[in-house]
Amino acid sequence: MASIEQHIAQYRHNRRFVATISDQYCDWIVRSTFYTCVHLVDATLAHLDNYHPIDHKTRNKAIANIRQMEFIAKKYDPLYQLCRKIRFFADPQLWVPKQQIASQVFGRLLYPLEQSAFRLLGISNEHSEIVIKPS
Amino acid sequence: MATTQNQLVTIDESSDGDRKYILQRLNNDKFVSTGKQIIEAADLSMGIEAWRSNLADLYVDAHAMAKKFVDRVADVRLIPRHGTVHLIFVTVGSEFDFNLADELATLNIRLRRELQTYGEVEASQIPETELSQFISDDEQSERHN
Chain U
151 MASIEQHIAQ
161 YRHNRRFVAT
171 ISDQYCDWIV
181 RSTFYTCVHL
191 VDATLAHLDN
201 YHPIDHKTRN
211 KAIANIRQME
221 FIAKKYDPLY
231 QLCRKIRFFA
241 DPQLWVPKQQ
251 IASQVFGRLL
261 YPLEQSAFRL
271 LGISNEHSEI
281 VIKPS
Chain Y
11 MATTQNQLVT
21 IDESSDGDRK
31 YILQRLNNDK
41 FVSTGKQIIE
51 AADLSMGIEA
61 WRSNLADLYV
71 DAHAMAKKFV
81 DRVADVRLIP
91 RHGTVHLIFV
101 TVGSEFDFNL
111 ADELATLNIR
121 LRRELQTYGE
131 VEASQIPETE
141 LSQFISDDEQ
151 SERHN
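Chains as they are written, first to last, in the working numbering: chain U, 151 to 285; chain Y, 11 to 155.
For the record, the hints were derived by calculation from the structure and aren't laboratory data. A few of these clues could be false.
Claimed, not checked - Below, a list of computed lysine-lysine pairs in the PhoX-like style, where the Cα atoms sit at most 25 angstroms apart:
hint, chain 1, residue 1, chain 2, residue 2
1, Y, K77, U, K235
2, U, K235, U, K211
3, U, K283, U, K248
4, U, K235, U, K283
5, U, K235, Y, K78
6, Y, K46, Y, K30
Using the sequences and the hints, build the whole thing.
Below you can see the structure in the form of structure tokens.
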């Protein structure tokens, strides 16, 4: 199983990748943002509870049942729902238009989740806002 | 066990658990069960009834929630699939509704905390226009049966 440090390294890796994706691939921005959060969530679960989920279902249950992670759960679940469905859409841009990526996907979900996780992990907020790459 | 209709018969698991009983159907088919098996079957049946009732209550709650988004939610459906019941909020228009997603997140957290009450249930939103991508024709028709 991955260590807390490995999860955080992968989180940073995925977050850097998000910033490289052109805004014409909003679905991939959403999916990469979700998998960025997965590693931050797993690092937090490992830190708080020494818990290492094996799949989405066990991760979701764990987050919901750790009171300190309730705020994270409220930000993570919409990302999970977005990511699960957007894969199958014929025209995902209609579901999450690029105008909503910065304000909703990042501003409403990713950044608050990061801040809460950083606080629980005891690390300083190291990231600036992601600038979406124009097509 | 021949008794009068009004006579209550007790099967006590501690004393009758290993005892064998012959159960006879109206068509004269006969089954042999132990007292323990009879108690377990009754227990399971009561559990399923309670679960169905809880799920019905949840469906009512979901409809109440949908009323808060009356302009955005066209329908709410319960779809059982692969051991999970999917509580689907069918949305009008094509865009993901972030306000509805916040409400569904709160609901999902509650459902994940109350697994004993509802079993595996997951709430999500799907736009009307993409419904056929996520719900099969069989599942669509089951709703109307």
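Here's how the hints hold up against the structure:
1. For the hint pairing Y:K77 with U:K235, the CA-to-CA distance comes to about 23 angstroms; that is within 25 angstroms, so the pair holds.
2. At most 25 angstroms may separate the alpha-carbon atoms for a hinted pair to count; U:K235 and U:K211 meet this at roughly 19 angstroms.
3. Between the alpha carbons of U:K283 and U:K248 the distance comes to roughly 11 angstroms, so the proposed pair stays at or under 25 angstroms and holds.
4. Note on U:K235 and U:K283: the hinted pairing holds, with a Cα-Cα distance of about 23 angstroms set against a maximum of 25 angstroms.
5. Using a Cα cut-off of 25 angstroms, the hinted pair U:K235 and Y:K78 holds, with the two alpha carbons roughly 23 angstroms apart.
6. Among the hinted pairs, Y:K46 with Y:K30 is consistent with the structure: their alpha-carbon atoms are about 9 angstroms apart, no more than 25 angstroms.
Violated hints for the displayed structure: none, as all numbered hints are satisfied.
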